[in-house]
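Visitor: Build out the structure end to end from the sequences listed, making use of the hints.
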Amino acid sequence: MAQPRDFGFGPEETMLRDSVRRFLDQKAPIDRIRALVAADHHAAYESPEPPARWDEGLWKDVVELGWTALAVPERAGGAGMKLVAVAALAEEIGRHAFPSPLLATLHATFVLAAASTAAANTWLGRIAAGDAASLAFAGENGSWESESVGVTAREEGDGVFLDGAAHYVLDARKSAFFVVAAKNAAGVGLHAVPSDAAGLSIVPDRIVDLTRDQARLVFRGVRIDRASIIAPPPSGGDALRRALPALLTIAAADIAGAAEWQLQTTVEYAKLRTQFDRPLGFFQAVKHPIVNMMLAIDETRSLVYNAAAAFDHEPERAEAFARMAKASASDTAAFCSSRSVQLHGGIGFTWESDLHLYFKRQLHSQFLFGDGILHRRKLAESM
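Position 330 (the sequence shown) corresponds to 1300 in this note's numbering; numbering is contiguous.
Some hints here could point you the wrong way.
Stated by the list, open to error - Here are the simulated DSBU-like cross-link-like pairs (lysine-lysine), alpha carbons at most 30 Å apart as the crow flies:
1. K997 <-> K1052
2. K1348 <-> K1330
3. K1241 <-> K1257
4. K997 <-> K1330
Hint data in this document are derived by calculation from the structure and do not stem from the laboratory.
Keep in mind the model is a prediction, meaning the values are calculated, not measured.
Guide: Shown next, in the form of structure tokens:
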């Protein structure tokens, strides 16, 4: 099926995007985000345990607004909206650098939906009801490929026991449960593991991004009952591959939104800051990088919605388009971050400037699910 006009972005998607933007403008302005995650440099980077700050009251509002149910299929009690709508939501989350487990939960949602089992529907229902979730399938080497899975599964009696470690788990300390990839001789399976499961340890990582947290999950004989087996091996690996285009598209949309904030903030500063009795924006050395930022963002945003539309209407092309989107987004994250800081001059390097929150978030997002180099290599290998 060919893609529809305008990527299928119609009135419902426009209404969703606008409502999300209004809510976050009111409830999560940049001064509130700064107070929440960056009020104190020492608390952020020198405390014994890395912080995982978020507003749980705002999370309840998000749940009531139905954002967690947005991508949950109707069969599991969700709204069943298309990826193009989810991309619009993710872009606004990035634009506001909103500290919440929403993007991690959306990632888990698409993997559960791809599994399409009775157990997966049960856990999707929990997401629709407001439980936050995250994926746990990256290996120690940082690869998200199935062969790098570091958790093993063994069957004993009426249960399955998990051992090993899953690395780089996004917003782990905000999540109610995890979708865990584990391997045995038959291949990779998927399992739902509550965050308070016996034998599970959540070991926080210290990362530069203040708007997210990250952790390593260590499994020591964690027992999983049969009802929590989302996809038995080897079908778990297949579900991950089917969901991958959605994961890449959501990550790229978040980058596009954050880059748009960097652009608009830099434009406003260039209008107000004067040098040699003229606004900074008067000088070509400032104008040209700003235009290049705009062009980079437009390229990334176009590729994001193209990938989302392919996932919705042309699944056979979705992976290639999603890799293109993430490759572009990773490059845009690096470029817009460096230009925004440079064009703000000395103030751009300070803790008091809001730029560092976005710079650090973009640095994390640049490598989430792989950077531009990785995805261009994957695209080349597929040709």
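Visitor: For the pair supplied as a hint, K997 and K1330, confirm whether the alpha-carbon distance does not exceed 30 Å.
Guide: 22 Å, holds
Visitor: Going straight from one Cα to the other, do K1241 and K1257 come out at no more than 30 Å?
Guide: 11 Å, holds
Visitor: Hint check: K1348 vs K1330, CA-CA at most 30 Å. Holds or violated?
Guide: Roughly 26 Å between the alpha carbons, so the hint for K1348 and K1330 holds.
Visitor: Within a Cα-Cα threshold of 30 Å, do K997 and K1052 meet the stated pairing?
Guide: 26 Å, holds
Hint compliance for this structure: no hint is broken.
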